[in-house]
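Enquirer: Sequence:
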Amino acid sequence: MKIYTRTGDDGTTSLVGGSRVPKIHPRVEAYGSVDELIAWTGLLRSCPVNFKRSSILIYIQDQLMICAALLATDPANEKPLRVSPDKDNCIRLENEIDKMEEPLTPLKGFILPGGNMEVSYCHIARCVCRRAERSVLRLHQEQKIPDNILKFLNRLSDYLFTLSRAMGSELDNEDVRWPL
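This note's numbering numbers the first residue of the sequence shown as 3 and each following residue consecutively.
Hints may contain errors.
Restricting the straight-line Cα-Cα distance to at most 30 Å, the calculated cross-link-like pairs of lysine-lysine (DSSO-like) are [claimed, not checked]:
id : residue 1 : residue 2
1  : K153      : K4
2  : K89       : K4
3  : K25       : K101
4  : K54       : K25
5  : K54       : K146
6  : K110      : K25
7  : K153      : K25
8  : K54       : K81
9  : K4        : K54
10 : K4        : K81
11 : K54       : K110
12 : K4        : K25
13 : K101      : K89
14 : K89       : K153
15 : K153      : K110
16 : K54       : K153
Hints listed in this document are in silico derivations from the structure and should not be mistaken for laboratory results. Computed from a prediction, not measured in an experiment: that's the story for all the values here.
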């Protein structure tokens with residue numbers, strides 16, 4: 003199978019189910035943002051500080067792939083996908099957040115992202131996650147999207163924020179509080 007098909011040269015793409023939509027369609031924006039988040043999560047998984055978190059980050063990528071597949075499916079598709087996000091994925095993220103927060107100093111305000119490249123990558127992933135959530139919400143205004151996708155993206159941004167703090171702590175990155 004060749005990687006190029008030339009079918010998208012006219013600015014359209016196929017959804018699962020075969021229908022074609024413009025590449026700027028809200029559905030494409032939604033699953034495209036989730037796809038970007040999958041890539042950022044892979045980058046985080048590649049950071050040495052996260053080697054011990056490899057299994058949870060792979061799990062997150064898997065859950066995001068399922069979300070992207072569902073978002074890329076035409077709602078009129080006669081053969082619905084037989085995949086869905088784990089029903090307990092938010093609980094799993096909450097448990098991971100709680101474990102990471104234990105050794106951290108409680109926050110009393112905002113912090114400025116940065117100070118370390120790996121921590122900065124995590125903050126960018128968090129921002130991409132929030133954008134993906136907004137894209138899915140825009141699509142949800144037009145067409146029903148499974149609630150578990152929205153909940154997972156919301157909880158994932160919390161996870162990524164906490165991960166950035168945990169990574170920073172493990173890398174001796176000093177949080178810069180805001181306002182200064």
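Enquirer: If a hint holds in the structure, say so; if it doesn't, say that too.
Expert: Verification of the supplied hints:
For the hint pairing K153 with K4, the CA-to-CA distance comes to about 36 Å; that exceeds 30 Å, so the pair is violated. This hinted pair does not check out: K89 and K4 have alpha carbons roughly 36 Å apart, beyond 30 Å. In summary, the hint linking K25 to K101 is not supported, as the alpha carbons are separated by about 40 Å, beyond the 30 Å threshold. Restraint check for K54 and K25: not satisfied, since their Cα atoms lie roughly 38 Å apart, outside the 30 Å limit.
This hinted pair does not check out: K54 and K146 have alpha carbons roughly 37 Å apart, beyond 30 Å. Only pairs whose Cα atoms come within 30 Å are accepted, and K110 paired with K25 is rejected, the gap being roughly 43 Å. Using a Cα cut-off of 30 Å, the hinted pair K153 and K25 holds, with the two alpha carbons roughly 25 Å apart. Under the criterion of a C-alpha separation no larger than 30 Å, the hint pairing K54 with K81 is inconsistent with the structure, at around 39 Å.
A threshold of 30 Å between alpha carbons decides the hint, and for K4 with K54 the separation of about 37 Å lies outside it, so the pair is violated. At roughly 25 Å between alpha-carbon atoms, K4 and K81 fall within 30 Å of each other, so this suggested pair holds. For the hint linking K54 to K110, the alpha-carbon distance of about 28 Å falls within 30 Å, and the restraint holds. Note on K4 and K25: the hinted pairing holds, with a Cα-Cα distance of about 20 Å set against a maximum of 30 Å.
Restraint check for K101 and K89: satisfied, since their Cα atoms lie roughly 20 Å apart, inside the 30 Å limit. Pair hint K89 plus K153 holds up; C-alpha atoms about 11 Å apart against a cutoff of 30 Å. A threshold of 30 Å between alpha carbons decides the hint, and for K153 with K110 the separation of about 25 Å falls inside it, so the pair holds. Restraint check: the Cα-Cα separation between K54 and K153 comes to about 26 Å, which is no more than 30 Å; the hinted pair holds.
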